[in-house]
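**Student:** What follows is each chain in one-letter form.
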Amino acid sequence: MSENGPKKASIVVFSGDMDRVMAAFIIATTAAAMGMETSMFFTFWGLQAIKKKRGTGKGLFGKMLSIFLKDIDGIGPSKMNFGGMGRWMFKKMMKDKKVTSLPELRQMAIDMGVKLLACQMSMDVMEIDREDLIDEVADVVGAATYILEAQQADITLFI
Amino acid sequence: MSEELTPEKELDARGLQCPMPVVKTSQEIKNVSVGGVLKVMATDPGSMADITAWCKSTGNELVKMEQGDGVFIFYIRRTN
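In order, the protein sequences belong to chains A and B. All residue numbers in the first sequence are consecutive under my numbering, ending with 159. All residue numbers in the second sequence are consecutive under my numbering, ending with 239.
Heads up, a few of these hints could be off.
As the list claims (entries may be wrong) - Below, a list of computed lysine-lysine pairs in the DSSO-like style, where the Cα atoms sit at most 27 Å apart: (1) A:7 / B:189; (2) A:7 / B:215; (3) A:95 / B:183; (4) A:98 / B:189; (5) B:183 / A:115; (6) A:7 / A:115; (7) A:115 / B:215; (8) A:98 / B:168.
Keep in mind the hints are simulated off the structure, nothing from the lab.
For reference, chain B alone in the conformation it holds in the complex:
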């Protein structure tokens, strides 16, 4: 599982406010190959719900979500 989660790309969305983490994620996922993983780091607490909603709406898979030190980390697998 863990080796599968090696991100192909990383997006540092720390310090950005709504709706930028989601907007940047939607742009960055295009640079990841289908099946690849994008790691997103954000500090906006709303991103927890928002990235989840974005994945649900776009069909990309939210593989894992972590939080610590006020940073939220998302591992998103591009599905289409």
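This is chain A alone, in the form it adopts within the complex:
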């Protein structure tokens, strides 16, 4: 817990599912709106949420994996994706209900000062470079940095 200064929230984004990432950004923007210092730590599949829309990888496996890695606009829901149909349907349903889109939510989080951190180890394994991630990513860090953030946080979530 932070003893003085603003309260803090720290969110691990492990999932690359559209619905889960959506929940993560809604919570992050709301925490920031409520005056909390908020950080998001993107690891493994979650890296897609801060990845540019472009191919990644150096070796054969890295390049193969790249085929399945999307950007924030391309990730599908955890259920009922049906090869992209679900993504299209959810996007349409959310738009019809005037729910803020995922790319807009991410921009909102950035504008509100939410700190975006990327996991170094997942990036190494998945052959994703710093240049493959959006410029707004504050830092590329390891687990200890996340733990330090989490130690000081009043809210920690793993999504």
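Since the structure of chain A is provided, determine the placement of chain B on it from the hints.
**Tutor:** The following block gives chain B in isolation, referenced to the frame of chain A:
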């Protein structure tokens, strides 16, 4: 009381869904002077609980809450 409630700024958050009314409120309150009142209009029914929670968390004062015709109106006094 009523003259005190003359809002310094108004925020039209009608049609916006969670979490946008709260997010926009947090941004707009910065444009209100301390002691001034921000009027927020929203249609998201969740905003009733959410704006209240936001005020509680940030320490701003929810002076008055009204509803009618599916619109929720909040008068928030900036305290810090």
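**Student:** Would you mind marking each hint as holding or not holding in the structure?
**Tutor:** Here is what the structure says about each hint:
A hinted pair counts as satisfied when its Cα atoms are at most 27 Å apart, and residue 7 of chain A with residue 189 of chain B qualifies at roughly 19 Å. Between residue 7 of chain A and residue 215 of chain B, the direct Cα distance comes to roughly 14 Å. Compliance with the 27 Å bound is thereby established for this hinted pair. For the suggested pair residue 95 of chain A and residue 183 of chain B, the alpha carbons sit about 19 Å apart, so the restraint of at most 27 Å is met. Restraint check for residue 98 of chain A and residue 189 of chain B: satisfied, since their Cα atoms lie roughly 25 Å apart, inside the 27 Å limit.
With a C-alpha separation of about 19 Å, the suggested pairing of residue 183 of chain B with residue 115 of chain A holds against the 27 Å cut-off. Proposed proximity of residue 7 of chain A and residue 115 of chain A is supported: the alpha carbons are some 14 Å apart, at most 27 Å. With a C-alpha separation of about 24 Å, the suggested pair residue 115 of chain A and residue 215 of chain B falls inside the 27 Å cut-off, and the hint holds. With a C-alpha separation of about 24 Å, the suggested pairing of residue 98 of chain A with residue 168 of chain B holds against the 27 Å cut-off.
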